[in-house]
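S.K.: Residue numbers (this note's numbering), protein chains in the order written: chain A, 1 to 159; chain B, 1 to 159.
Certain hints may be false.
One copy or any two copies: either way a pair holds, since identical chains are not told apart in the list.
[As the list claims (entries may be wrong)] Below are the EDC-like pairs computed for lysine to aspartate or glutamate, each with C-alpha atoms no more than 20 Å apart in a straight line:
1. 149 with 85
2. 42 with 82
3. 34 with 99
4. 42 with 120
5. 42 with 103
6. 149 with 31
7. 149 with 103
8. 149 with 70
9. 34 with 104
10. 34 with 120
11. 42 with 140
Think of the hints as simulated: they come from the structure by calculation, not from any bench. In this text the structure is predicted, and so the values were computed from the model without any measurement.
Protein chains: 2
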Amino acid sequence: MGRGVEWAVHSCVNMSWTPPGEAVNSARLAELYKLPAAYLNKQLQALVRAGILTSVSGPRGGFRLARRPESITVLDVVLAVEGPEPAFRCEGILGVVPDADREENFVRTCLISQTMRQAELAWRQALARQTIAGVAGSMERRFPGDRDKTVRHLAAGPP
Amino acid sequence: MGRGVEWAVHSCVNMSWTPPGEAVNSARLAELYKLPAAYLNKQLQALVRAGILTSVSGPRGGFRLARRPESITVLDVVLAVEGPEPAFRCEGILGVVPDADREENFVRTCLISQTMRQAELAWRQALARQTIAGVAGSMERRFPGDRDKTVRHLAAGPP
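The following block holds chain A by itself, in its conformation from the complex (with noise of 0.2 Å):
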């Protein structure tokens, strides 16, 4: 997994904090973090795609979310960024054994698959049990002042 699906939910628990309305300046979140700001833009275009963010042009322009943060789990940003595909992918080679059905669906019946699938699955639904809107009062709770530091270096617009 890359770092960017680090990036991108810590964005998104920014986008929760600023004032309604508010887009949030990329290249200022890139500076707060001291990421590289062309990559991270590319992660916070990836999250428009998915409609978790909206892009907003103009001088005072940039990205807030698209939805409430109690609508946007974890798990939609890790897809939206490293992109819908399971981890693992049966390539079937249970069907290039000699005299082997080639018409089987291996994906559906080889427990090796199943197995896969089902821990695909486990890990999408502890990523799916978590949203934006609960890592953000989680931090607001453990690291008190963040929330109004990041709100105010994020309100002083462009670098």
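Knowing the structure of chain A, use the given hints to seat chain B on it.
M.R.: Here is chain B on its own, set in the frame of chain A:
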């Protein structure tokens, strides 16, 4: 996840079927599944390093299971091939925010990191519930002729 995982699990299943004490020739195994022999051999060497297979030298040499198939889980094989690192690695970007406590252990205290670890754990638990013996048994029931065909093919020695 690389294709090597699928090959490695199928290889272990086949080795669970070969008569006790006999080694499987990896070129013969590659031929059975029409896989690149050098790359398959690399996966099998990784399984040797992980204590899952034993390498046997000599003209009838090759690989055999180092332990009983009941005590080899799919997780063992996946970690041997893919490495033991979790898919998500927290880079602690909260620690670079101005005035952040850089001594903070964000892997423990940040809910993003915790959520990713819980998901990884759920994934590993699902893979740890299935063994090579379980997969082999399922294949014997689902594809009744395959075991004998495979054993005959592999017993023929180097291709």
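S.K.: Hint by hint, note whether the structure agrees.
M.R.: Results for each hint:
no.	hint	verdict
1	149 with 85	neither (37 Å within a copy, 34 Å between copies)
2	42 with 82	within (12 Å within a copy, 27 Å between copies)
3	34 with 99	between (58 Å within a copy, 14 Å between copies)
4	42 with 120	neither (26 Å within a copy, 25 Å between copies)
5	42 with 103	neither (41 Å within a copy, 30 Å between copies)
6	149 with 31	within (14 Å within a copy, 62 Å between copies)
7	149 with 103	between (60 Å within a copy, 19 Å between copies)
8	149 with 70	neither (22 Å within a copy, 55 Å between copies)
9	34 with 104	between (51 Å within a copy, 18 Å between copies)
10	34 with 120	neither (32 Å within a copy, 27 Å between copies)
11	42 with 140	neither (27 Å within a copy, 48 Å between copies)
In the structure shown, a violation is registered for the earlier hints numbered 1, 4, 5, 8, 10, 11, in ascending order.
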